[in-house]
Every structure is written in C-alpha cells, then in structure tokens.
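**Student:** Listed below are the residues making up each chain.
There are 4 protein chains.
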Amino acid sequence: MTDLAAVKAALRTQAVETPSWAYGNSGTRFKVFAQEGVPRTPQEKLEDAAKVNEFTGVAPTVALHIPWDRVDDFGALGKFAEDHGLKLGAINSNTFQDDDYRLGSVCHPDAAVRRKALDHLLECVDIMDATGSADLKLWFADGTNYPGQDDLSARQDRLGEALAAVYERLGDGQRMLLEYKFFEPAFYATDVPDWGTAYAHCLKLGPKAQVVVDTGHHAPGTNIEFIVATLLREGKLGAFDFNSRFYADDDLMVGAADPFQLFRIMYEVIRGGGFTADVAFMLDQCHNIEAKIPAIIRSVMNVQEATAKALLVDREALAAAQGAGDVLEANAVVMDAYNTDVRPLLRELREEQGLAPDPISAYRGSGWQERIVAERVGGQQAGWGA
Amino acid sequence: MTDLAAVKAALRTQAVETPSWAYGNSGTRFKVFAQEGVPRTPQEKLEDAAKVNEFTGVAPTVALHIPWDRVDDFGALGKFAEDHGLKLGAINSNTFQDDDYRLGSVCHPDAAVRRKALDHLLECVDIMDATGSADLKLWFADGTNYPGQDDLSARQDRLGEALAAVYERLGDGQRMLLEYKFFEPAFYATDVPDWGTAYAHCLKLGPKAQVVVDTGHHAPGTNIEFIVATLLREGKLGAFDFNSRFYADDDLMVGAADPFQLFRIMYEVIRGGGFTADVAFMLDQCHNIEAKIPAIIRSVMNVQEATAKALLVDREALAAAQGAGDVLEANAVVMDAYNTDVRPLLRELREEQGLAPDPISAYRGSGWQERIVAERVGGQQAGWGA
Amino acid sequence: MTDLAAVKAALRTQAVETPSWAYGNSGTRFKVFAQEGVPRTPQEKLEDAAKVNEFTGVAPTVALHIPWDRVDDFGALGKFAEDHGLKLGAINSNTFQDDDYRLGSVCHPDAAVRRKALDHLLECVDIMDATGSADLKLWFADGTNYPGQDDLSARQDRLGEALAAVYERLGDGQRMLLEYKFFEPAFYATDVPDWGTAYAHCLKLGPKAQVVVDTGHHAPGTNIEFIVATLLREGKLGAFDFNSRFYADDDLMVGAADPFQLFRIMYEVIRGGGFTADVAFMLDQCHNIEAKIPAIIRSVMNVQEATAKALLVDREALAAAQGAGDVLEANAVVMDAYNTDVRPLLRELREEQGLAPDPISAYRGSGWQERIVAERVGGQQAGWGA
Amino acid sequence: MTDLAAVKAALRTQAVETPSWAYGNSGTRFKVFAQEGVPRTPQEKLEDAAKVNEFTGVAPTVALHIPWDRVDDFGALGKFAEDHGLKLGAINSNTFQDDDYRLGSVCHPDAAVRRKALDHLLECVDIMDATGSADLKLWFADGTNYPGQDDLSARQDRLGEALAAVYERLGDGQRMLLEYKFFEPAFYATDVPDWGTAYAHCLKLGPKAQVVVDTGHHAPGTNIEFIVATLLREGKLGAFDFNSRFYADDDLMVGAADPFQLFRIMYEVIRGGGFTADVAFMLDQCHNIEAKIPAIIRSVMNVQEATAKALLVDREALAAAQGAGDVLEANAVVMDAYNTDVRPLLRELREEQGLAPDPISAYRGSGWQERIVAERVGGQQAGWGA
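Chains as they are written, first to last, in the UniProt record's numbering: chain A, 1 to 386; chain B, 1 to 386; chain C, 1 to 386; chain D, 1 to 386.
Looking at chain A on its own, in the form it has when it is part of the complex (with noise of 0.2 Å):
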C-alpha cells in the first residue's frame, strides 16, 4: 500500500527550474513565429517565470542563458528575481553563435578559437559567483558534418582540456553539468553525442561534474530511464533537461509525446534516490506556435503528475512480483499507478498550499497575458539571437 501522506509530503518538495529563453520566442530553421506579449529583456523574462511559480507553486528557480541574459548588474537580477519570489539557476553556456564557431568552439582546430570559447566558459564561472548559481551547464555544439572534416580523436583531448579548464575553476559547491546530444547541429559526428562520452570525461574531472540527460537528446528507441538509473548507479546523474520529442530534438512540452516514458523517468530518478539527492529538474523546451506562460506551466503540470504516478508505485507489491519473478504482475503493479489519474491529488495538494487548484485557468484568468501584450510594445523581443 502506497502512504498518500507520503506522496504528498514528496511532492510539496519538488521543485521545476524553468529556463529564461523558454520565455522568448523560438522556432525552426524555417520560421521563428514572434508572439505577442513576449519579454524584451532578462527582468521581464523573471516576471513570467515568477507567474508560472506563483500558479505552480513548484517552479522557484530560473536559467539563464548567457550572453542571452547578460546584464551589467547579475547582483541586481538575482535581487530583482528574489523580489519576484525566485532565485537564479543554473548558468547555461553558448559557444555555438559567434561566427568563429562555424568549425567548433572548445573542439575547433585553431587554439584561438577554443580560447575564445573557454574564456566564454570563465565568464560563465564568474557569473555563477555573482548570482549565487550552484550550476554551469554545459552544452557543446561542437562537431563535424562530414567524414575527414577533422580528427574525432583530437577533438576529444581538446574537449577534455578545455573541461579540464573550467572544472579548475569552479568553486566550493559550484559543479559543472555536462550535456550530450545524439545530433543537431552537428550533422556527422558530434563532440559529446552520448551519455557515454559525457560519463567517461565527468569520471576523469572529478566530483564536481556530472552528466545533463536532456530527454529529447537521444537516438530513436534509446531506453532512457535505464541511462538514469545507470548515471544515478554511478553518482553521475547531475540534471535533467526536460522536453519531450517525437523525431529527434524537438522541444515540445516534456510529457506531450510520451508521458508513459516520462513516468518511467520518474520512476527510476526516485527508485535511486534522485529525488532527494541533487539532481536538477529542468526544463529545456522552445513553445514555437503555443502560447508560452501557459505552455511552461502545463509542463511543470506534466512533470509533477508524472512524479505523483511515480510516487504512487506499490514498491513493496512490486519488489515480491519482481522476486517472484511474475512478469504480468510486476508490470500491472506499475501500470496500476500509471493508469491512476492523479489530478484530484495535484488539486487537493495546491489547495492545502494556499494555491488555485488548476494553474492553467487561474493564469488564464489573472489577467496578465492581456498585460503583457499590452505594455510589451516595441523594444526587441528576446529570442535565440538576442
């Protein structure tokens, strides 16, 4: 039997870091569709993210993408999300829109070039003192599009100096959060393209580096939940990057394409204590022709009524069918809290929390998409290039 008290008291602790540039408009290499109302600059990114925490009640913190949300003052921006009810997350790095990257930044043949990008990383470090953020992620868009382009192998000692380079860096409760990905942009051979990678440098750095599963990041049919598991065996698993895909890296609203296989996430994440340990829940999605505030709270939604279900497992019925080695029952034990709808808790929960039921309709009836697209007039919407 599953203590409902205990699901609940799990649940009050969970926290969804929300990233600033989900706020801003997005798209495809066709078309970026511009959306009313969207922020011009990193505070008004932090007013949104402040709405989809006060309806959610469990999206307290912000990333910020730098230099998309470089300010002169972060002292300042950490100030002003503190009086919005946040704080500031992780630091995300960009070594992948200067055109000196056209060939790679950190893995780039010429040192300059991988100078260039490893001051960007410093900076990075540097921004994490100012802002307080215990987290630098890491993402590389570094690779090659074609056969003999460069050397795989020579790519990698470069990859490893440069991380060398900032985990020398980091300070005490500081670490750094390395990301893969199978392709884009990078179309032949990626410089980390899979959690392998990512493992094998994070083990040579040391403690301070763990590995970003980015759920969208994945070749088709890769078991995700069984590389959490193995990431959290080993003390690897840093973060996540939440989204959800259908093809490849698409970006859509985490639990939108598969919510069975995001609960299996779940499932493993609190089966090896990364629920309670540091892992950093995050989301990492672009809301290219939806409506963006709601659109991040019905992901945060997702998340927690994907981590109720979990939660809701029968780990002791399902330990004696394992031992039994009862296939059918081991599996209806899951499908059981799978298939139970956990919207009523949710309700009940944010209820008992001073919190409106049903975040989507009482942002919707706030008023504040109305305000936003009435004051954010003119000025430069933020977006990737921006």
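Careful, some of the hints might be misleading.
Pairs involving identical chains hold if they fit within one copy or between any two copies, as the list cannot separate such chains.
As the list claims (entries may be wrong) - Straight-line Cα separation of at most 25 Å, DMTMM-like style, residue types lysine to aspartate or glutamate; simulated pairs:
(1) K31 - D98
(2) K31 - E348
(3) K8 - D278
(4) K8 - D129
(5) K204 - E179
(6) K236 - D157
(7) K31 - D110
(8) K79 - D326
(9) K31 - E123
(10) K87 - E54
(11) K208 - E234
(12) K236 - E36
(13) K31 - D326
(14) K87 - D278
(15) K8 - D172
(16) K204 - E161
(17) K236 - E351
(18) K236 - D98
(19) K208 - E179
(20) K204 - D157
(21) K116 - D326
(22) K116 - E179
(23) K208 - E348
(24) K31 - D119
(25) K116 - E36
(26) K204 - D98
Honestly, the hints are just simulated from the structure, not real lab data.
With chain A fixed as given, assemble chains B, C and D onto it according to the hints.
**Tutor:** This is chains B, C and D only, laid out in the frame that chain A set:
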C-alpha cells in the same frame, strides 16, 4: 559485359538542376554562418550556377524559390539565365515563412489563410508561364506539433482542395511535383509525411501530378530505392531532391553520407526507365559550413559518379544470377559495378566534351571565388529569410 | 460534455479478435521458452480463447493460422468454437515456413514456387468457405536480404498477379486484408514494406481488398494514427493487428510500450468512423516470457481502456479549440480524456454485463491455469513450427 | 602521398577471425532454411574455416561457441585446427538457451540461476586454458520485456558481481571482452545496451576487460566510428564483431549494407592505433539464405577492401586540410581513398602470397562445396540449437 560507349552516351544526356538557394547562406536554428562572396540577388545566384554548369557540363538549369527569387521581370531573368548558358528550372513555392502560417498554410483551419496560400501557389504558376518552367515543386511545412492540435483528416481535405485548384490551373506541359517529408518543422504530424500520402493525392489529381523523392525526408532505415522503383512502376515519380543525411533532414551534399545508397537509387532509376523519362534530378541542399560553389560542384559530380556506377551494372549477368536464385552472385554483380572507380571514365568524358577533367580544381583555378569575395561587398546576402 | 451512457453503449459493441497462435509457444531466434499447460491442438487453443472471452466479454472470435491450425474438418472446428461461445475469425496464411520459400513465396523468381504459394492462399479461401470466416489476412515474409538479390519491380509484378488471382476467388462477404511490414525476416527490401505499397495494391484490386495496420510494423518514429486516419478516409482500413513495440516488431502486449499512442490510434479510429464500420480489431502478439492467457486478457483490457479514453474525448470542445487555433486547449482536451482513469467505468460496465469486474483476478481464481497445467501433459505443444 | 608498399605490408599482417557458428544453419524466428553440406561437428566447421583461410590467407583463427562447439577433448580439437592451418580463437559463452534463463542469466532475480550462469562462464575460462584461447567473449541476452518486470539497477549489481568473479578467474594473457547490444532478445531494457554500460563495467574490472563493438548492435543513426575512436582513446576497444545491418541486428555480410561506414570504422581503427594493437577482428554473421562458405570468404574480403582503402587515406594531406579548416578538401581526401578501386591491389597482394587472385572463384573451382554436399549426409546439422 557492359558497353562503355553506351555508358558514356547516357552520361552525356544527364542533367542535374541546382537550387538557387544553395548559393545563399543557410544554417540551423542555432546559427547561420554567413560566407563571403555570397550572392545578393537572383542574378548573382545564376552567375554562380553558371560556373557550376561551366565546370561540370551537366547542370544546365536552376530551380527558383518564390519569394526568395522574386523579381519584377521574370522574362528578363530568363534571358539573363540564357546569357549565362542556363535555363530556369522548377518553381518552388514557399508557404511557411509568413506570420499567418503559424498553424499551416493550405491545411490551416482558417479559410482566409488557406486562400492566401493558394493564391501564392497560383502566382507560382503565373511565374512558370513567364519563365517557361515546366515544374511546380510543392513542399508544405504544414502539420501539427501536438496531438489534438487540429483534425488530421480535415487537414487532408483542405490539402486536397488546394491541390485540385492548383492542378486545374496548370497549363499544357506543366506539372505539379508534390514533395513529402517525415517531420520538421511540424513535430507531431506532418500533412504529407510519406510517399503513400503524396501518391494518393497525385493519383486523384491526374497525370500532371507526380511525387518528389527528397532523399533526406524519410524515417530511419527506410529503403528509398524501393520507393523509387515503386513510383516509377506506377508512373508517379516526378523528381528527386538530392541531398544526404546521417540523421534527419541534414541536407548534406548528396552522396556524402551513404554513397552506396545513392548508387542503389540511381540503379533503380535506370532499371525503371526513369533516366530517360521525365524524371527531374534536382539538388536540394544546405552548405552551412563548407564553401558553397565547390560543394555544389562536388554534389553534381557525386550524382554523376553514382549514375556511372549504376550504368555499369551488368544487367544481363544480374538477371541470370537472379533467375538462378544465386544470392551471392547477384549481389556480386551489383557490387562489382559499385566498387569500380569511375572517376577516370568521367575525366575522359569531360575531356571529350572540352571540359577540364577535374571540375573542382578547374573552379579553384578560375579566380571566380576570389572575384566574388572581392566584388560582392555590401548589400543583403541571400538566405532563407530573404 | 461527454455522454457516459453513449460511451458505455459503444464499449458494449466492441469486439477484439484473439489469435490462436498467441496461446501457443513463441520466442525469438535465440530461444523459445516453452510454458506448461500450452495447447497441443486447435481445439485446446479455442478452449483457452473461450476463457479470455468468458472473463472479458469482448473477445468472441479467434483467428486461425494455416497450417498451424489445419484440421480435417473445419466445419466441426467451427461447431467446437460455437459450443465454447466463440466464432472462428480471420484465416491467416503462411507462406514462409516451407523450405521452398527461402527466396520468397508469391514473389519468388521461380514460377513453380509462386504457384505453390498461390495454391496455399486459395486453400485458405476454401477454409474460409468452410469456417464462414469473412477475412483472409495476408502477410508475406517475401523480400530480399542483399541489394541485387532480385529485381524489386519484377517482384511487385509477381505479387500483383498472385493477389489478383486470390481476389478473383473471393466470394460474397469475403475480403482480403493485406498486411505490410517494415522489415524482418527480409533484411534489405521487404515486398510490402509500408502502407503505401499495400494501399496501391488494394486500390487496384478493388473494394474487397483492404489494408491491415500491424502496430509493430513501422519505421522508428512513424505516426501510426496518421496512417489510420488516412486509410479510413480512403475507405481502405480493413483491420488492426495490435501489439506493442519499443524497438522493432517486438510483439509485446498491446498498450504495454506506448499506451498514449494506442489511445491516439483509437481516437482516430473513432473519429474516422472505423469503430462502427467494418474494421477488424485483432491482436497479433507473442507472449514469450509471460503467462499467455492472462497476458491476452490484459491485452484485451488495454484495448478496451484505450477505446474508453478515446470515446471520452470531448469532441465538441476539441473542435472549438481547433477552430480557434488554440493549440494548448485543443491538446488539453485530448489529454483530459487520456488522463482519466477509465478502470472504474469498465468495472462498472462488466458488472452490468454480469462479468467479474476484474478479469485478471477472476481468471486467476477460476482454476483454469492449474487445470491445463495438470491435464495438458505429453503431446506436442503448439508453436510457430507446428 | 600514400606508400603502397607500406599499405601492402600492413595488409599482410591482417587477420580476421571467423565464427564457427556461421558455418552452421541459422535463420530468423520465422524459419531456419537448412542448407546442404552444412557441418555436423566442430571438426567439420573447422574444415570449412580452413577453406576460408586457404583462399583468403587472412582468416587463421576460428571462434568457438560453448556449448555449440563443446567437445570432450579441446586439446585434440586444437590439434585438429592446427593440422588444418588454423588456431582456435575466442571462446564465446552462451547463457541464453537454457530453460532456466527465461528471465535472464547472470542478472536473473534468482541466485541459483545466476550461479548456474556463472559456472558456465567459468567453464568457458577452463576451455580457454585447454585451447590456449586468449579471449573470452561475453554477450548477455539478459534484459526485460516489460517496464517493472525487474529492477534495472539491481540487475546491474548482479551483472557486476558475475563479471568480477569471471575477471578474477582470468589467467595471464587472458582477457574478457564484453559485448553490448541495443535490443533483442530483450525488448524493453537490455542489461548491456550500449558502449557506455560496457565501458563502465570494464573500467571497474581492470585492464583485462575490454569492450566488443558489434557493428549491428546500435540504435538507428549511431555513429559507430565515433565509438571506435573513443574506446581506442580510452584503451578499452577489445574486439569487433563484424556484420552489417540495414535495420536492426540483421547479421548480413559485413560491408554489404554500408561499405562506406565499414571504411570509416577501419579508418578510425588505423588512426587510433587499433590495427597494430591487440584489437581482435571477428566476424559474427548469419548466412540465412546465401551459401555459407563463399559468403564468409566474401565477408573477409570486404574487411580487407575496407582496410586497404582506409590505409590509402593520405593522412598528411588530411591533417593539412583539417588544420586549415578546409571542410571540402578534408572530406575529399577521405573520399579519394574510399573511391579507389582496391581490388587490383588485393589481387596483386594475393598473388605475391601464392594465393589465387580471386578467392571466390578459386573456392568455387576447388570442388569443396560439391564434396561436402555429397559427403555430409545424415547426422544432425550444426545450428544455433545444437
């Protein structure tokens, strides 16, 4: 025994259409790396295309993309092309870059948006009348990102309606080429996701409607040459959009990722009578990080080499082995042709045609690249957005 | 608002056909793990199927596979079925287990082998006459393992010829259901690899020929519900072979790998009128390691649950959101139905029908499993090879 | 400039191990098509392998599979091999064909089953002592078919324990080669699904544990040569199981599906020092429909041809182009080598070694096939089940 003279004769008839947009800048959603010397106008694209034709001898036509190549006087543009030894080729429509197309174009739920998209398609036929182009190439970015977003079947109805209206407008000697694509930019359901959907529409439309096979637009593992053979057998193969992919729609140089696949495709084209029939061989690629003109020359050469190898297949020996059920021998006949180095044959052919044997080094020695880098300064470089 | 009474009424009409071979042993190329109590005869398979129907109330027919279920007197077998509350369902042909079929059956280069295969198919229609089965289900293992092994297009000609001969033989009220499969056992080119190929053949044959969608037979990432919607729109969806897959044709219990996908498929079935029309809902699975009868009961329940959720979609609200272009709301309407726990509704329905509310525990308590384990000793257990 | 003499010298040192089981019957779950002349005993397999070595000159060792090749006196079998110009190669364990292994072997929830599997592995090391084999190749079919069926992490613990026990038992000059596989026969989670998992285990075990790359065991789109480069860089590449695939683990002849990929893999092997180091090059294939001995000869030749092409890469020119960031030129250097027809070079090499220039026709002319078809009558043909 293969008749080398016949192989050469066939190769002399080959024509590969290059796309105007491949001469401009392109990139991924993460970054477009601009290159020096890139054309600013349709005329400058044609100048570059003329160089590709000059050095390969087999790229006499250029596909246009509307509105990227819109000019006031298409007759004059055709004359400009002729003055450069070229003809204008297929007209490619664009129903994905207007803000109105966020939820689709001809499949959009709003009739006004559909009408706008249809008007654009009809304008493209007007342009065909002006340019003398025979082919209207239709690729629709239409689709949905989330289950439920729109009604899949209603969208097919709307699509069918638009296609019928365009079909009706086609003049004598004009045809409509319908492209399919597995995914992107739509991430849940694409409205023309596979050859079957394109085929079903073309079948209803009539003989002037045929299917385009873009080699990058398939699910992982799809046997493309089977589709080619099937469409040829049904009289419904209209054209190729050549490029190559390791993962998704990577748009690398044709033949760069899987040259053996390209050979197998060309073999089925020849086997099915597509080489001498009205199948258009077009490139559709993005040269994001490599120099554009030599990349296009290399791509044209890759198609030539695959064609030469496919022509070398000893079809008599193959039929004998197939008839005898000799799996290894039948495969060996095909591999013998593939393993042949056809570059000497093609060098010879070029010399017989008064061309330099090595188009790449001839281009590099021509001074054209230096000239355009020097001269094409200022202005707005061509790209997907312009 | 959804009308619960209408939902229940629809669920009362549902019928899922179970396959005789799922009651026998099965496995992979590595090993078949035999289970105790497995049937030795077609009659014993029907006895097991009767239990599935007894406890679920929605599995009244059983598909036969020839020659695995060949008996001397099919009339008597039909009578045996009726005595057990069942009817005989689709007749499934087998043209892949004779030594002559090493290089194919109806597509084989040798006319004598093709004739043999065709004779088998015609015999299957004879059996339909005897059993009163309406459906002939055709799956061909035909294909090639190596490029060049055989002529892809000639094989299509041979296939078309055989299908035409069988079609000609069909009586009133009989139809031919053509299945497609992405790969396996052929590993280079499968002769009916996708819905487009099956559709093109069925279109030429006529109204009695329709396509079977086996949910495990697609390329990675394929949007199956799109195919379902398209085939329904064209009047060419004949049947489903339900099962589930994580990777390839894994033949796991339907709904086990991606229950959300199953729900989406059932939604398109209902949306497209397939639920009330003549679409046959069949299971085609392998219970390699789990207990067979309860696995089949669970599978039938999974189809029921997905159907119930699909029926719960508030189509009025959905149409309104779609018409308004409200991506999030339209998606939310669909997700609301999916997130509903329909198990109470189904328990209620069963009790209204005089059934136990939980079919699995009712079966477990029935003593049937113990009885067959005790009684079915000796003899040759049924499996794919027998 | 490439030094042809050095290329030839390198090719003279090449050795490809053939697997005993490839000489026996194999098939799919649908059917095993028996062939005439197939060996009945390990000795007859060695006789066939001797022919492959006789005609290719580069296949001097044969991998054994226990229990399929179990004999009373392995010393005598080794002597038999030597009398036929061969040595016994890697010992391959089998923990998937006993009825006890339905839910796994070394990862099974029941300690007694795990002990049984471990005993088998230890017996394999005993056999290595007897045969003088240096390599124990471990492939585990272990995994689960359904979410929840067993605890993913506990299974890793059990796996680690078994591997440690076997590692402990290894003598001097013996190593353990751990294979990974994406899926099949487990269809939800495989216990060693990817190189990262195998690598993590080998790292903990120590220097005698290395990873096997089976070219057919990856997710769609995986860049295998990247894994090869990475494992070589880490000193953890132990061996290859060569075969080729279009879809999954198709086990076609190596080089048959994507010869360009095989070339790229061999290039990384050479680049990373793996050609001269202790990397074992083994075939692991199934000749389901083609004649077995010539298929194996062809496979060995395909590896040779890919190796020759990889050796022909002008590494000086490549490094220069890579250093200059010349994407097209770097790619062209690689493609130049790939496009070279190396068959004349290999024919020359064979003649220098006193071999017939064309191994396939030499074998066909040798009368061996006719002899084994005539003589190997009666008895039990070798296959996966025996």
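**Student:** With identical chains, the pair K204 and E161 could be close in the same copy or across copies; at 25 Å between alpha carbons, which is it: within, between, both, or neither?
**Tutor:** both (11 Å within a copy, 24 Å between copies)
**Student:** With 25 Å as the alpha-carbon cut-off, assign the pair K79 and D326 to within, between, both or neither.
**Tutor:** Neither, since 55 Å and 36 Å both go past 25 Å.
**Student:** Within a copy, between copies, both or neither: which one fits K31 and D326 at a CA-CA cutoff of 25 Å?
**Tutor:** between (51 Å within a copy, 19 Å between copies)
**Student:** How would you classify K116 and D326 at a CA-CA limit of 25 Å: within, between, both, or neither?
**Tutor:** The answer is between: 21 Å across copies meets 25 Å, while 57 Å in one copy does not.
**Student:** With identical chains, the pair K208 and E348 could be close in the same copy or across copies; at 25 Å between alpha carbons, which is it: within, between, both, or neither?
**Tutor:** Cα proximity of K208 and E348: none, with 38 Å in one copy and 55 Å across.
**Student:** What label fits K31 with D98 when the C-alpha limit is 25 Å: within, between, both, or neither?
**Tutor:** Both: 20 Å inside a copy, 8 Å across copies.
**Student:** Checking an output row: K87 and D278, CA cutoff 25 Å. Within, between, both or neither?
**Tutor:** So K87 and D278 pass the 25 Å test inside one copy only (16 Å; across, 53 Å).
**Student:** Pop the pair K31 and D119 into one bin, within, between, both or neither, using alpha-carbon distances up to 25 Å.
**Tutor:** This pair counts as between: shortest inter-copy Cα distance 20 Å, intra-copy 32 Å.
**Student:** I want to check one pair: K8 and D278. Are their C-alpha atoms no more than 25 Å apart within a copy, between two copies, both, or neither?
**Tutor:** So K8 and D278 pass the 25 Å test inside one copy only (20 Å; across, 47 Å).
**Student:** How do K8 and D172 come out at 25 Å by Cα distance, when the copy is not named: within, between, both, or neither?
**Tutor:** This pair counts as neither: shortest intra-copy Cα distance 33 Å, inter-copy 56 Å.
**Student:** With 25 Å as the alpha-carbon cut-off, assign the pair K31 and D110 to within, between, both or neither.
**Tutor:** between (32 Å within a copy, 20 Å between copies)
**Student:** Can you tell me if K87 and E54 fall within 25 Å by alpha carbon in one copy, between copies, both or neither?
**Tutor:** Result: close within a single copy only, 13 Å intra versus 59 Å inter.
Hint violations for this structure: numbers 2, 4, 8, 12, 15, 17, 18, 23, 26, all remaining hints satisfied.
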